[in-house]
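Trainee: Got chain A sorted already, so can you dock chain B onto it with the hints?
Going line by line, the protein sequences match chains A and B. Residue numbering for the first sequence is 198 to 593, as defined by the working numbering. Residue numbering for the second sequence is 18 to 274, as defined by the working numbering.
Heads up, some of the hints might be wrong.
[As the list claims (entries may be wrong)] In silico DSS-like cross-links for lysine-lysine, where the CA-CA straight-line distance does not exceed 30 Å:
1. Lys231/B <-> Lys174/B
2. Lys202/A <-> Lys231/B
3. Lys174/B <-> Lys376/A
4. Lys202/A <-> Lys174/B
5. Lys147/B <-> Lys174/B
Quick caveat, the hints were computed from the structure, so don't treat them as lab data.
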Amino acid sequence: MTNIKGRFGIHGGQYIPETLMNAVIELQEAYDHYKNDPEFNKELSDLFNEYANRPSRLYYAKKMTEDLGGAKIYLKREDLNHTGAHKVNNVLGQALLAKKMGKTRLIAETGAGQHGVATATAAALFGMECVVFMGEEDTKRQALNVYRMRLLGATVIPVTSGTATLKDAVSEAMREWTKRISDTHYCLGSVMGPHPFPTIVRDFQSVISKEIKEQMLQKEGRLPDAVLACVGGGSNAIGSFYHFIDDKDVALIGCEAAGRGIDTFETAATMNTGKIGIFHGMKSYFCQDEYGQIAPVYSISAGLDYPGVGPEHAYLHDIGRAQYVPVTDEEAVNAFEYLSRTEGIIPAIESSHAVAHAMKIAPEMSKDKIIVITISGRGDKDCAAIARYRGEDIHE
Amino acid sequence: MSNISKAFANGKAFIPFITCGDPDTDTTYRAVLEAVAKGADLIELGIPFSDPTAEGPVIQSANVRALSGGITTDDVFALVEKLREDVTIPLVFMTYANVVFSYGPDRFMQRCAGVGIDGIIIPDIPYEEKEEFEPYCKACGVDLISMIAPTSEGRIKEIASQASGFIYLVSSLGVTGERTSFASGLEEIVNTIREVTDVPCAIGFGISNPDQAKAMADISDGAIVGSAIIKILASDGRDAPEKIGEFVKSMKDAIRA
Chain A
198 MTNIKGRFGI
208 HGGQYIPETL
218 MNAVIELQEA
228 YDHYKNDPEF
238 NKELSDLFNE
248 YANRPSRLYY
258 AKKMTEDLGG
268 AKIYLKREDL
278 NHTGAHKVNN
288 VLGQALLAKK
298 MGKTRLIAET
308 GAGQHGVATA
318 TAAALFGMEC
328 VVFMGEEDTK
338 RQALNVYRMR
348 LLGATVIPVT
358 SGTATLKDAV
368 SEAMREWTKR
378 ISDTHYCLGS
388 VMGPHPFPTI
398 VRDFQSVISK
408 EIKEQMLQKE
418 GRLPDAVLAC
428 VGGGSNAIGS
438 FYHFIDDKDV
448 ALIGCEAAGR
458 GIDTFETAAT
468 MNTGKIGIFH
478 GMKSYFCQDE
488 YGQIAPVYSI
498 SAGLDYPGVG
508 PEHAYLHDIG
518 RAQYVPVTDE
528 EAVNAFEYLS
538 RTEGIIPAIE
548 SSHAVAHAMK
558 IAPEMSKDKI
568 IVITISGRGD
578 KDCAAIARYR
588 GEDIHE
Chain B
18 MSNISKAFAN
28 GKAFIPFITC
38 GDPDTDTTYR
48 AVLEAVAKGA
58 DLIELGIPFS
68 DPTAEGPVIQ
78 SANVRALSGG
88 ITTDDVFALV
98 EKLREDVTIP
108 LVFMTYANVV
118 FSYGPDRFMQ
128 RCAGVGIDGI
138 IIPDIPYEEK
148 EEFEPYCKAC
158 GVDLISMIAP
168 TSEGRIKEIA
178 SQASGFIYLV
188 SSLGVTGERT
198 SFASGLEEIV
208 NTIREVTDVP
218 CAIGFGISNP
228 DQAKAMADIS
238 DGAIVGSAII
248 KILASDGRDA
258 PEKIGEFVKS
268 MKDAIRA
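Chain A with its partners taken away, still in its complex shape (with noise of 0.2 Å):
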């Protein structure tokens, strides 16, 4: 699906400083080695079983089918990974990668912190430098997150740049790989930036579709007519969609974050509100004023609070095979509650977001009707945000 220059539609590229083209193009020879070497494979295939726990659990939500009254409801428990979230896949995949290369150092961005936690756990694990760039906004709506990554070593760099989210935090991120190029690799935390980036997370998260199709096909001895993953710059979505793009019966819906609502500025929800646009390496859907600015996106869930979105999901959309819908954040902190007390679960809230849309179209589906819902993270690092929405102030 991807031409040499990393293309999908007119989507994605190579829009980066000079500075860094050599440095893309070393990785993306390293990637095309490396992807089809079987030792290579071995050694991630034993991280992902070994040590991040894979296969993750496809699990049937019986009370949730049950309470909703219609389609019967898989989750895909990515939340019960080592580091609790879907981002250790992509991280062990490119620490080992950037391990083979020769570099010592890896530096990431982080929204959440879940990327940043993965990395600096990878990092620890392979005897790795890490410095872990955070918008500021952020380290204190994840406190606890930061308090992880220097538990695990890495240096955490909070960005006071722009809004200082998410955004601001891949801006310096990119900046610090120009700086220092030989030994470090950039451990892009999702299917955005330049070509290769977008191709290398997508294949190293794949497994999660992969596992859903194996794990489906035992359970129920057939596909799921719909899988469902929140969207902020697509990894967890990517990857659960992946192996079935070519699936035309089984409906692929990102859920992205529409903050206060798609009708007001307070919104992340790119492909809602956002048009075409050039920016962090990449061509996508971007929020953005009519001069081009990128916009000031906001959403209660600082992974999926990013003006962008990777540049598969823009063409998945512009050819109509995944369908992206809104959900705010009152949505997803109601479904972030209803998880906990429905099925014992407590999601991510950006994986809630995934949550708050299956409650909605689950009940409109008959009973023989399979989706799959992806817990792209666990909760707890949400508990004191959510409990500050509704109005308590807990201290961790």
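Mentor: Coordinates of chain B only, in the frame set by chain A:
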């Protein structure tokens, strides 16, 4: 022949960078006139962008100040139109891909040609992506300035052979902003460039004083200075133009010494 060649016709060129609208368009207007009066050979005008990923903190702040002042791309074109009543030296824009893309590249380049812009520098359009805008640039006679970095290595000749206007050689790794040392091997890069093209080559990123400007201009065709000028705007605001003029004079005197 590109109009930009005029800037390099009489010896080493001094190229100041100014962010348009920092803190307002009148200040930019006066700063450009001062710089021209004191010997600038070409001026690089920044069109502000919300998220300038190739800039260090100093120019990032200039973008923030300019955008909070409300400047738009259309205001920048109007400013250049007004400057062109008095300014004849080459003028180039420096901005980011999304500013051009969202305006519509054809419409953007037509406006450039209409107001008298000679070239454009877009740091997030590398050689591989220049097809995005270059056809529109060529149609309007606007040079898309090629950038070459210390990391370009095997890419240098291919980039240089297709360059027009001038070549922007990045002095060192990293983003814009003052530094005390530059990449080694810049002279070799310039020599490699000269093997394949006569297009002039100016060095920028991190040059902040007359000694550095002279050293960089000595090995190339000119020096580009941004952050050091933006610092004057940051500290003196609307009173900056006169000081910018003095600074330009000191730099120009040094590189022609």
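Trainee: Sort out which numbered hints this structure fails and list those numbers smallest first.
Mentor: Those not satisfied come down to hint 2.
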